[in-house]
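A.B. asks: Chain by chain, the residues:
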Amino acid sequence: MTIDPRNARPSAAFPPNVIAEIQRAADQGIYEIRGLGTKRRLPSFDDLLLLGASISRYPLEGYREKCDTDVVLGTRFAAKPLELKIPVTIAGMSFGSLSAAAKESIGRACTAVGTSSTTGDGGMTEEERRASKLLVYQVLPSRYGLNPRDLRRADAIEVVIGQGAKPGGGGMLLGQKISPRVAKMRTLPEGIDQRSACRHPDWTGPDDLTIKIQELREITDWQKPIYVKVGASRPFFDTQLAVKAGADVIVVDGMQGGTGATQDVFIEHVGIPTLPALRQAVDALVDLDMHRKVQLIISGGIRSGADVAKALAMGADAVSIGSAALMALGCNRPVHVADYEALGTAPGHCHHCHTGRCPVGVTTQDPVLEKRLDPEQGARWLRNYLSVMTLEAQTIARACGKTHVLNLEPEDLVATTIEAAAMAGVPLAGTNWVPGRDLR
Amino acid sequence: MQTVDLSAEDVRALNGRLHALPADTNERAWRVVNPRGAHAVAVGLTQPLDIVVEGHVGYYCAGMNEAASVVVRGHCGWGVAENMMSGTVRVTGNASQSAGASGHGGLLVIEGDAGHRCGISMKGIDIVVGGSIGAFSAFMAQAGNLVVCGDAGENLGDSLYEADIYVRGAVTSLGADCVEKEMTVADREKVAALLARAGIAADAAGFRRYGSARQLYNFHVDHADSY
Ligand code: SF4
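Protein chains in written order, with numbering that gives the first Met the number 0: chain A, 0 to 439; chain B, 0 to 226.
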């Protein structure tokens, strides 16, 4: 019997993957939890293009004329701002979610290229402090492992309000990853499914945040830059409130940002993309006359030097990467294919960080799997990748005639789609039209 | 005894002086007068200093305290002794919300009442309250002991982990996954010792114990009505 194509019409509302998810939910009775970020197609930096030099502007010679990449973060109040050699930093990812080898690789790579890495929901490990010259210490709602000694030996402090994969959600670490060491660091029973708080225990709202920042500054004697990180949902207001609360640096994480474990419905349906989030945050700073006085870090789906150049042109001071850094360390590399298959997936498609069975040793607490990532090799990979991103951003900046990557500006950008033009606030290519400009 | 007058100097000057003390300092006794509701008074201390604050303070007094003894002769705003690691903090009056939030160690004594979320997210701290506590106290409490001589408000111990809660008076309601547990001889001895350390005269025999039912430790669809 052959299938009649007229009877095999796919449904737009119920394609095979939707049917499969309905049946999975019926079967398992629990929502899907997974790692990494959104998989939906969103307007992104891919929809922007840079305008190279022409008759009216002249370019710089590649490899000869210098194009600087250094960035200073935390110049507003902190006595010791962070001086980075490149405008790419590593986002907060916890030991627990990541293996110790992955954390160490990140720390070593960042030290080698002169940038910062960030702790995560679970505190600071000795290994990462040793490996990282510049380490940002997160103060999260859970407060796992938070202590004043680590606060004082950090190079900057990041008060985390939310993250792009789940604005409004708390951390999650499933039992498979609550090893004895992770449990001890977080004061939790081993093997439980940890659901962290989504609100800070001792403050609510912008006025309290002002006092919380004052306390953190007092404890650290006004030495350390204080960042405030938000998941992108209302970045204009969040940025303005964070500035008012006294932040030195604002970190905005768009919805393409990844996670170690979160409900799929959260990852795919809550928050706004990185592109409009960045524009709204820049608008907020310009509105307050604080652009470049309070620094802005953007994250969420940054993958290449082109993304870096576009983000800086839109007004960011630096970018932060998480998922891409893990990929440099081997995430989704086509090795140990049978182990991907055991998770029901394949290299290139894996988002199984939540299982603790990471085939490449990046997001696991299993001693056997963890050995698959050699920190020295991992550091070399990530160092190479960060250098390539920086070289790419410099290449673009030189082509646009800039002696510093921070001299890139919105006038260097156009968009290839109406959506991206509206979200980024730059003209549609070949026109002077910025959709929605008068409506903002 | 050093005296700092917060009507003449600001909190930055106070904390700066306290942080600058060398480890072997003899200047261990400090008196802070005219706090007038200031925030972040005596935060981030790392040495066994004896600090007495004469009057009411704002948010986060003695935040992240290590080793020091801080006495507030008055009332406190939010988050007194938040994330305390060790030492002792005593409030002779009442404390507002989130007293002892996420405290990892040490002893917090509140002689009066404490507001909502007392002991929220506590991670090993011992808290003794002479009066009553507000709603959602010990929310997501992970470790340590909360001893309450008066009453407890709604949703006590919601979603808590392995902290122990002891209440002498009435409990308005228990939060998700919090249940009454047997008060053993060991529990009575523990409560008696904590009351003695806190200097609060109360009979340990009159307390009831509350802890985690551990039903929410792992996801299960049949617990969906508790999530
Ligand atoms: S390869 Fe490892 S890090 Fe990458 S998605 Fe899979 S489990 Fe996560």
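These are calculated hints, taken from the structure and not from any lab test.
Given the structure is predicted, the values throughout are model-derived calculations rather than measurements.
For glycine and all other residues, C-beta sits at the position ideal for the given N, C-alpha and C.
Treat the hints loosely; a few may be bogus.
[Said to hold, decoys possible] Negatives, chain B to chain A, calculated, CB over 12 Å:
1. V42
2. E81
3. A162
4. V184
5. G198
[Claimed, not checked] Here's a subset of chain A near chain B, in silico, CB distances under 7 Å, partners left out:
6. N146
7. M184
8. T186
9. E189
10. I191
11. D220
A.B. asks: Should the label of A162/B as a non-interface residue stand, given a Cβ cut-off of 12 Å to chain A?
C.D. replies: Given a closest Cβ separation of 10 Å, the condition is violated.
A.B. asks: Just want to verify: G198/B was marked as not at the interface with chain A; is every Cβ pair farther apart than 12 Å?
C.D. replies: For G198/B, whose nearest Cβ neighbour in chain A is about 26 Å away, the distance exceeds 12 Å, so it holds.
A.B. asks: Identify whether the interface hint at M184/A stands, where standing means a beta carbon of chain B within less than 7 Å of its own.
C.D. replies: Hint on M184/A: violated, closest Cβ of chain B at ~11 Å, above 7 Å.
A.B. asks: Please check whether N146/A passes as an interface residue: C-beta within 7 Å of a C-beta belonging to chain B.
C.D. replies: holds, 6 Å
A.B. asks: Would you settle whether the hint for T186/A is holds or violated, based on the nearest Cβ-Cβ distance to chain B being less than 7 Å?
C.D. replies: holds, 4 Å
A.B. asks: Does D220/A pass the interface hint, meaning its C-beta sits closer than 7 Å to a C-beta of chain B?
C.D. replies: Hint holds; D220/A Cβ to chain B Cβ min 6 Å, cut 7 Å.
A.B. asks: At 12 Å, judged by beta carbons, does V42/B keep clear of chain A as stated?
C.D. replies: V42/B not clear of chain A: closest Cβ-Cβ about 5 Å, inside 12 Å.
A.B. asks: Would the hint on E189/A be counted as holding, given a Cβ-Cβ threshold of 7 Å to chain B?
C.D. replies: violated, 10 Å
A.B. asks: When you look at the beta carbon of V184/B, is every beta carbon of chain A farther off than 12 Å?
C.D. replies: holds, 24 Å
A.B. asks: Looking at E81/B again, its CB stays over 12 Å from all of chain A?
C.D. replies: With a cut-off of 12 Å, E81/B comes too close to chain A, as the shortest Cβ separation is near 5 Å.
A.B. asks: Restraint: I191/A near chain B, CB-CB cut 7 Å. Satisfied or not?
C.D. replies: This interface hint holds because 4 Å falls under the 7 Å limit.
Figure legend: structure checked against the earlier numbered hints; hints not met, in rising order: 1, 2, 3, 7 and 9.
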